[in-house]
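One line per chain: the protein sequences are L and V, in this order.
Quick note: the first sequence uses my numbering, first residue 1, plus one each step.
Quick note: the second sequence uses my numbering, first residue 1001, plus one each step.
Treat the hints with care, as some may be off.
Unchecked claim - Footprint (simulated), chain V over chain L, 3 or more residues, beta carbon under 8 angstroms: (1) 130 to 141; (2) 146 to 160; (3) 184 to 191.
Unchecked claim - In silico negatives: residues of chain V with every beta carbon more than 10 angstroms from chain L: (4) P1009; (5) R1036; (6) V1041; (7) E1065; (8) G1160.
If you are wondering where the hints come from, they were derived from the structure by calculation, not from laboratory data.
Glycine included, each C-beta is placed from N, C-alpha and C at the ideal position.
Protein chains: 2
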Amino acid sequence: MAPRVGLTPERLTRAGAELADEAGFEEVTVSALARRFGVQVASLYSHVKNSHDLKTRIALLALEELADRGAAALAGRAGKDALAALANVYRDYAREHPGRYAAAQLRLDPAAAAASAGVRHSQMTRAILRGYDLTEPDQTHAVRLLGSVFHGYVSLELGGGFSHSAPDSDETWTRVLDALDALLRNWPAPRLP
Amino acid sequence: MAPRVGLTPERLTRAGAELADEAGFEEVTVSALARRFGVQVASLYSHVKNSHDLKTRIALLALEELADRGAAALAGRAGKDALAALANVYRDYAREHPGRYAAAQLRLDPAAAAASAGVRHSQMTRAILRGYDLTEPDQTHAVRLLGSVFHGYVSLELGGGFSHSAPDSDETWTRVLDALDALLRNWPAPRLP
DNA sequence: ACACTTGCCTAAAAGCTTTAGGCAAGTGCA
DNA sequence: TGCACTTGCCTAAAGCTTTTAGGCAAGTGT
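Can you build the whole structure from these sequences, using the hints too?
Dropping the structure here:
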């Protein structure tokens, strides 16, 4: 055995993300990761504080990757084009990397959350809304709605909620994007009680 | 110690649900439950197949409770009234019982899923759509959209995504419901490419 | 009163987490 | 080149969770 394998927090995080995609995020464990590197379990504790720390790092990696993809997809697009592009980033990422996507759903403590790419995500959604005519408080409402739909749809679809029933989930997805576009172009005023 | 505590699968499931709400669904463990009943760990294995079985039972309980509340809330309501009532059932349940709500998100194997209250949930959402003018394929699209928004919003809100930023999440929630109502009253035709 | 069922017990193996302390492979500096 | 120093991975060990196997005695039915 090579005396030094070259462990680093970054390599552990990447390997953990791969393991999550292959076996599911719940299977990501310090032991499993050590096994994967052919190394004793205790060795990982020099690079990672504990199991929770490892999972948090994977979550932060996933959020960064998602934000990077989102930024790339948004470049040069506006309006419905931009809306669909960002939405597809989330959906495609979740399908390609289900374990990482699950990791991104991890509840982060406030410290980690502040240092995460979470802000970039809401900024990207807000950027999309520049193509529509919404004033300030409504923009925030719309950001939250879009976030809810993207996350909710992807998460239900990944859980198998839409499989085995017609029509096809792809068709619903395009119709949902049509509907959101229509809604944003015609955002309703607050309803008086 | 009383020689027989009176364990049953039902009591274990209920106690597990309470534990989930108090400590979080990840803390629900056969050991913790045994501790709570003042009983040896191995004793639980006569009533519950294994850890996964226990969690599945809690998930099924939560789905049933949610469906019951939904049915009660929907009785005698239609249109936007019904929409808001069902939506609030999800949101309120998640706030009152965060652990149970997390349990309801558990990936069920197809067997358990078929025996779950999942069908009642989509039927209730479909019932709401009777107050709007949608024909068949669009109804399914709308059911999926509503499910996504309800689940997505509640889950982001529970994760703290909307706290510590103005405006208040309650306000966004009512505006989101207004928006969904408007959207359903004005459901867009498929956009031709 | 009897056998029978069954509820909870003890025992034990196996896996994951985490801490403490050690040795030797690399690194820096004279 | 040789030395001290850092640090990467190791062994050891304790604690907790899961799960199976087998046992005794509290209830149940006849």
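May I ask which of the numbered hints given earlier this structure violates, with the numbers listed in increasing order?
-> 8
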